[in-house]
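Here's the letter readout for the chains.
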Amino acid sequence: MLSNSQIPEASRRQVLRAAGLIGLAVPGAGLLAGCATTSGAASPAETWAASAGNPLGVDATAPLDVVIFDGGYGDTFCKYDVSLYAKQFPKAKTALNGIQDIESQMQPLFVADTPPDVLDNSGASAIPLATLVADGQLADLAPLLAAPSLDDQSTTVADTLLPGALTAVQFSGKTMALPYVYTAYGFWYSASLFRQNGWTWPTEWSALVALAAEIKAKGLAPFSYGGTTAPDYWLRPLFSLAVKQGGDQAIIDIDNLKSGAWLSEPMVNAAKAVAALASNGSFLAGSSGLSHTQAQTAWVKGQAGIYASGSWIENEMKGITPAGFDMTFGAVPLLDGTNQLPVTALSAAASETYLVPAQAKNLRGGLEYLRTMLSKDAATEFTSLTHAPTIVKGAAAGQSFGSTALASTNAAITAAGANTFTYLYTGWYPTLAKTGKTQIANLLAGRSSAETFLNAMQSAADSVAADSSVAKHHR
Amino acid sequence: MIEKIRSALARVAAHGVLAVWALAATIPMLWALISAFKSNSDLFAAPWKLPSSWHFDNFVRAWSKADIGGYLMNTLIVVLSALALTMLLGAMAAYVLARFPFPGNRVIYYGFVAGMAFPLFLALVPLFFVVKNLGLLGTFPGLILVYTAYSLPFTVFFLTGFFRTLPAAVAEAAVLDGCSQEGVFFRVMLPMAKPGLISVGIFNFLSMWNQYLLPLVLNPDQHSYVLSQGLAALAVQQGYQSDWSALFAGMVIAALPVVAVYLALQKKVQTGLSVGLLK
Amino acid sequence: MRHGRLRIITLFLAAPLTLYGVLVASPLIQAFYISLTSWTGYTSAKPFAGLANYRRLLHDPAFWQALEHNALLLVAVPAITIVLGLLFASLLNVGARAGSVEGVRFSSLYQKSFFLPHILPVVITAVLWQFLYNPELGLINSLLDAAGLGSLKQTWLGDPQVALWSMAAILVWAGVGFYVILFSAAMQSIPKDLYEAADLDGANRLRTMLSITLPLLRETVQVAYVYLGIGALDAFTLFQVLQPDGGPNNSTNVVAQYLYQSAFDNGQFGYASAIGVVLCLLTLVLTAVTFGVSRRERIEF
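Chains as they are written, first to last, in our numbering: chain A, 1 to 475; chain B, 1 to 279; chain C, 1 to 301.
In isolation and in its complexed conformation, chain A is listed as follows (with noise of 0.2 Å):
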């Protein structure tokens, strides 16, 4: 954990700027303000110190502090890259810490901008990105993604990494965090079952609805999902629905908050499609009183066969998935009509969020220390571990360690090619991220009919398109 030696010394600037926040001097406070914003942030326009070995001219000496999120992943992955780092730094102290509650707990430094010099904000309590963007808490990655790549001195950090691995981190053009785990989303069944029961993993939706009928007919339920804590894992089918047949620019224009997005064609045969899914009972029985880790436990245990999620699935159910599972990726099939992209067209975005704080102290140490984790050594040795794939190219080599979820998401992802999309408005619009949450959770629920969904969306955008004190991002 974070030792009080490394909370530093109050210099005489932070005294100023802790009494600043006990209000003991309320205009001081905006003062001291505007120092914060431009005090330690590494603008581009400084040189580098640089070097061959050493392109981001990080310093030899200077301690490294990593903060991360230890959850679904685990800490010896980052234990590997902390030591490859030492490995090309050995004068430097490093310290890798690894919590739960980030919010809670990097809140206060960041605060006193006294935040580590690496954190990866994931898990729950992850502390929302476009808040510290929007109040300069991030250092802009550009030099890292200019820089060489490890493994090949003539390429960029930025050519090495997969198509749309960076959309979600775009803030105003820059990219402003690095999210590693690149994930594939759609639906998952055990490749064990369906050979048992001589299904095939369809094409089209209406040969996924007569699956789900044979399924039910076999006792299962088709799906389940996790109404209380996870409804949102079915934006994903809905928005594969409507980008393969609308094309990219059905989502595009819902996260622009234009004006009668949700209410598209597309989005509307999406939509129906999945309230006939509830419609029908496909859904397990009491889905929406269940949690995500019980509906997922449901599913592994047989009493579901499909389930919408995204590529971490196996990591987390690890524990409790029974041998000879097989766990295996659907792509999500195609609409009824005519489809701009086609079937293998996937919905993908990278997670597991590193940041580099603008405050931090070793500023081009963190930059390094994320420049190290993108090499093909420490990208492999985290598929190794995890079954999750990286954001770096032909990684793992494509290697899938014994598990067919791996293999699958290597697959689908290969095939997708260029054709990967996702959507941003949950990372810049929390409030209208909930309200979608509420309402997918109805739509499954048998709540809500299509139409009831697609305007109470259509609605809730519109208010934060109206609302000056938001925010607004484009792509």
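What the simulated footprint calls covered on chain C by chain A, stretch by stretch (three residues with Cβ under 8 Å from a Cβ of chain A suffice, anywhere in the stretch; the number is not a length):
| no. | region |
| --- | --- |
| 1 | 42–51 |
| 2 | 126–135 |
| 3 | 156–162 |
| 4 | 236–249 |
| 5 | 262–269 |
Estimated spans, in silico, between C-beta atoms of each pair:
| no. | chain 1 | residue 1 | chain 2 | residue 2 | range |
| --- | --- | --- | --- | --- | --- |
| 6 | B | L88 | C | G202 | 44 to 50 Å |
| 7 | C | Q65 | A | A124 | 19 to 25 Å |
| 8 | C | S108 | B | V20 | 16 to 22 Å |
| 9 | C | R218 | B | L88 | 24 to 30 Å |
| 10 | B | A168 | C | S108 | 29 to 35 Å |
| 11 | B | L265 | A | K472 | 56 to 62 Å |
| 12 | C | Q65 | A | A213 | 36 to 42 Å |
With the C-beta cut set under 7 Å, the calculated list includes, among others, these residues of chain A facing chain B:
| no. | residue |
| --- | --- |
| 13 | Q100 |
| 14 | S104 |
| 15 | P108 |
| 16 | T297 |
| 17 | G319 |
| 18 | I320 |
Hints were generated in silico from the structure; no laboratory data involved.
Quick caveat, the model's predicted, so the values are computed rather than measured.
Ideal Cβ placement from N, Cα and C applies to all residues, glycine included.
Guided by the hints, dock chains B and C onto chain A, whose structure is given.
Structure of chains B and C alone, referenced to chain A:
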């Protein structure tokens, strides 16, 4: 005769009602206890049956993943010290507020009550800086003082009500006998307030034992973690790794000392109550 | 009683007030100041905003909806908990037979078991009840099935009609034991001769309860009511663990959750502080009303 039958029926009814609630209260916890011995598969596949095999390794996992022994020690140090300090300061303040009308009495009283009302996590960030500037961040004395300060509102609130119900006659007699006001408090009133003190003491012990937000922000060093922090970390980790049986095992381990203390104190409650009866 | 009054007042209040002032009141006052700013929470800049947050609160439908849920909890939870607490306490203490002040046998065993739920940390209670309320595998629905009452089964946490009441039930379950002990302690300090006199007058147990026990317990019941009321207004952890998104169709969203969302999800710490201040005021009103009702009678015997 009819009296006897009615009496007996009434007793049976009483037992019935009490038994239903006793079952409702204990069955969930018994279930958690038994589940702590199950494998994860069993837990979900057969939640209401006895374990197919008794997995003591759940406890080992919980103990080693979370350094429960060390956290237990830390918690005991912090909680027992804070409890003693709270009871002393709280009783002193409550006594004065309850029995001495003076200008500002109501203001101070409501000042304490208001402290109970405000949601803790809003005060956390300013509190962090206050504690840091006092040089008490990450120290046990700092944590103890903060626990005490945040337990004062409820203690003062509760004990004030209690002190008000105690008879004035005994106190007046003691003063006439030459006892100082402070002496009256320590030698006469405090002993009379024992039942109330025990009740609020148990409550404070529990809420301090389970206190999470304060140490989260003020006690960042993992080696100094208290049990609630360790347990929460375990819960989050197990949640992500679906290792629920280790979580239940951890919970059982963490609850054992509390249950033991409560069962031991229960006798004190009985004695305390009977002292009250001899008035 | 004049002699030494000033000395004891200052002496006894010095340490508690200092501790309280520095560590509780001062941060809270700062938090109040924050409610007058538009602080986002992650920077040292706190732009002053006057009463803007409060004005916004008045017109915020999400806040009023959450407050409505707290109001429902406020009506139900304290009342049910206190009634059950009084019922069990009286059965345990004076319920054995008419004419005597004995409780039923095994009262100590009952009391021990009643108190157990209170010992659990809220997070554990939440996880436990998540299993109990599972619509297919959970104990509640399984028991209903076993008792032939299968038609009463619900999706306890997923149905907007019952979700809030399911949460209220957990609060009652966890709280009753403590109040049984509280009321027992208070009942034990009622002198026996009052009961003997009543019995001689021919009063039955119910009459005794209503005319003697309850009035003498009034201050204790008021204390219990205020404390349970605060619990109903401030309820947070249980809701955040079981219904982090505000429940089905937002039917269990409580003000403390909305406060948390504003602070941590929406980056609006100033606004969240304003919500907190309003919560604080509501609690004070609750306390004042509850105690004001009885004027300031001192009951001694």
